[in-house]
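**Q** Based on the provided sequences and hints, a complete structural model is requested.
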Amino acid sequence: MGRGLLKEYKPVWSLLFSWVFGELLLFGLLHVLALPMILREESLFLLAKYWTAGAAVLAVLGICAGTLMWASQKKARGEGGFFLEILPEDPKAETEGAKRTARICWAIFALLFLVQMVLAFVLTYRDGDDAFYVSTATQAATSGYMYRGVAYTGSSGELNLRYSMAPFPMYLSILSFLSGVPCVTIAHVAVPPVLMAMTTALYALVGRVILKKRADLLPLFLIFVQVLIFFGNTSVQTPENFLVARSRQGKAALANLVLPMLLFLIYLLLERMGERRKKSAFGRFPLLLPALAMTAVTLSACLCSVLGTALSLLLLGVSFVCSAVMYRSVRHLPAFLLAALPPVADALLYLYLV
Amino acid sequence: MWHTITGLYREYTGTGLLFVLYLAAVVFLFFREKNRERRCLFVYVPAVLLALYFQPWLSALFLRFGGEEIYYRLLWLLPVTLTLGYAGVMLSEQAKGRFRRAVPVLVVLLFVVSGSLIYASPYVHRAENAAHMPGYVVDVCDAITVPGREVMAIFPDEFLQFVRQYTPYVCMPYGRDVLLEEYNSHHEIAREMEREVIDAERLGALATRYVCHYIILPEDRAMEGSLARAGYPEWKRVDGYTIYRTDVFDLGTD
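Protein chains in written order, with this note's numbering: chain X, 885 to 1238; chain Z, 10 to 263.
One or more of the hints may lead you astray.
Unchecked claim - A few chain X residues that face chain Z, going by a derived Cβ cut-off under 10 Å, partial list only: (1) Ala991; (2) Pro1076; (3) Gly1091; (4) Phe1114; (5) Ala1129.
As the list claims (entries may be wrong) - Calculated pairs, DSSO-like style, for lysine-lysine (alpha carbon to alpha carbon, straight line, at most 30 Å): (6) X:Lys983 x Z:Lys43; (7) X:Lys1096 x X:Lys894; (8) X:Lys894 x Z:Lys43; (9) X:Lys983 x X:Lys1096; (10) Z:Lys43 x X:Lys1096; (11) Z:Lys105 x X:Lys1097; (12) X:Lys1096 x Z:Lys105; (13) X:Lys894 x X:Lys1097; (14) X:Lys894 x X:Lys983; (15) X:Lys983 x Z:Lys105; (16) X:Lys1097 x Z:Lys43; (17) Z:Lys105 x Z:Lys43; (18) X:Lys1097 x X:Lys983.
Unchecked claim - Residues of chain Z placed beyond 12 Å of chain X at every Cβ, according to the derived structure: (19) Trp11; (20) Thr13; (21) Ala33; (22) Phe63; (23) Ala129; (24) Pro165; (25) His195; (26) Glu197; (27) Met202; (28) Glu205; (29) Glu210; (30) Arg211; (31) Arg218; (32) Pro242; (33) Lys245; (34) Phe258.
These aren't lab readings, by the way, just hints derived from the structure by calculation. As the structure is a computational prediction, the values presented were derived from the model and not from experiment. Using N, Cα and C, we set each Cβ at its ideal position, and we do this for glycine too.
**A** Have a look at this one:
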């Protein structure tokens, strides 16, 4: 997927994309598997087995498809080494002064990122909602019961239907079950730095793509982003606050990974719309690959939060209308409709069940 | 409805400085950005989304299904960080002469001054252990856990948020929900625990009724009467807390 969508860029960028997108794909897979299993009162341990098998199949398919795509692209151009950029660089970026400035900026960014990672380990943010989400995950990881009983107390109870519609905590439970590490440690120590690193990777990807030929400006962009994350605590409700304070909750992943990734994919899709004459990996269907990627991302939005369905639908709807007016075309409508399918199905199921 | 929308907006934006910068960045991009895709996603889509946010019908729809307190999440759709970062880069790139190096520094300073450092939040604490839980929670829970079974314990308020995160083997007659106004959850043991001076025998009787194996209280907690007489003699002292253990229910530890 990464190689297909970012073929003009160094493979290292598509690998970075694959890492972030692959995680979201795993979220989507988990949602598809978890929802029926929770409703049928199946065990988390069984879900973990199915999810692991599904993840392995997706990984093998992804590696095969990516390798084939890379090989065919390399053959087609007769170039394209692993570190060779296909996009021509801006002459301004090639001056010695610009290169030195870029190196200094990379060093500052690396330092900020390192500080963020270290702080994720040595500091902890005590958010009250963890009492529900992490407790739900802890309970499932040890007993296998998903959304049965009252997470706050441990007493038995009916299936918590509303919260089970967005079973992100089961992701923590599965990681705990598979690794043998206590769920509380997975939630508070392992997941936060990974989510932060993925968010940074996503910003780097977006920055690389929107800055186009001025790749030398990317580190400056990333410094600005890191500073905004550090100082984004204008209220306890901003995505930046969620990233640091509630990184083990699905809402944090929704705000910092899923929605920005959806926006990024819409951007790539719109770029392809503007390049009608260029051939894509899918020949006559250049929008198919971004559309499939968008669908996987909206599916992952459903896992993260019940509100993820509404937010992803709203973003799709508004983006479609704005782009249709700008491009005076609706030929991307099928792509948006395809991407809207998971949240629409989820919303209908929610209305039916809750 | 309008008060709710604007109230949530004000709460979300805090001082509003960073959001003003964001709006300025959108206006800047509106005039300077030529690329169609970026104009669409950084200018037009956010403008429509922001306009939608202030529509009472949309908020009514969200409030009906999601609840009042989460409507602000619609503002998550605005790519604030991306737009500010990108506009900052464009501004820096367009600076000429001696301002070339000063502009990025000024942009960073503007972000710092307009925002608020998350690590300075009062909710941020130094991690005390591998679970990132308060040390007293870990120590008390480890002390009362019995291998192979669940135990029921009554805790002071400061434990409620953490106990079930740390271990599913310690259950409680009431949890963090009693602290949340929205749940309007009252529990008779919680009411007893809230009293300035605890009636030990009443608390013991309630603990027995709810099949509690332990009662945990701060060492200096004011108490009238004796928990031992109610079937909960003092068992251990851990991190400033006294653990009272039942002599009524069999824990299977002997």
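**Q** Does the claim that Phe258 (chain Z) lies off the interface hold, with its Cβ farther than 12 Å from every Cβ of chain X?
**A** 16 Å, holds
**Q** Given the hint that Lys983 (chain X) pairs with Lys1096 (chain X), test it: the Cα-Cα distance must not exceed 30 Å.
**A** The hint holds at about 16 Å.
**Q** Hinted pair, alpha-carbon criterion (30 Å max): Lys894 (chain X), Lys983 (chain X). Please report holds or violated.
**A** Cα-Cα ~18 Å, so holds.
**Q** Was the hint right that Gly1091 (chain X) lines chain Z, CB cutoff 10 Å?
**A** 7 Å, holds
**Q** Just to be careful, I want the Cα atoms of Lys1097 (chain X) and Lys43 (chain Z) compared with a cutoff of 30 Å; is the pair within it?
**A** 15 Å, holds
**Q** Within 30 Å, alpha carbon to alpha carbon, are Lys1096 (chain X) and Lys894 (chain X)?
**A** Holds. Lys1096 (chain X) to Lys894 (chain X) sits at ~12 Å (cutoff 30 Å).
**Q** Are all C-beta atoms of chain X more than 12 Å from that of Pro242 (chain Z)?
**A** 25 Å, holds
**Q** Would you say Ala129 (chain Z) is clear of chain X, with no C-beta pair closer than or equal to 12 Å?
**A** The assertion about Ala129 (chain Z) is violated, with a minimum of 8 Å to chain X.
**Q** Please check whether Phe1114 (chain X) passes as an interface residue: C-beta within 10 Å of a C-beta belonging to chain Z.
**A** 6 Å, holds
**Q** Using Cβ atoms and 12 Å as the threshold, tell me whether Ala33 (chain Z) really stays out of contact range of chain X.
**A** Its Cβ never comes within 12 Å of chain X, the nearest being 14 Å, so this holds.
**Q** Sort out whether Lys43 (chain Z) lies within 30 Å of Lys105 (chain Z), counting only the CA atoms.
**A** Judged against 30 Å, a Cα distance of about 20 Å means the pair holds.
**Q** Please check whether the beta-carbon of Lys245 (chain Z) is more than 12 Å away from every beta-carbon in chain X.
**A** 22 Å, holds
Figure legend: structure checked against the earlier numbered hints; hints not met, in rising order: 1 and 23.
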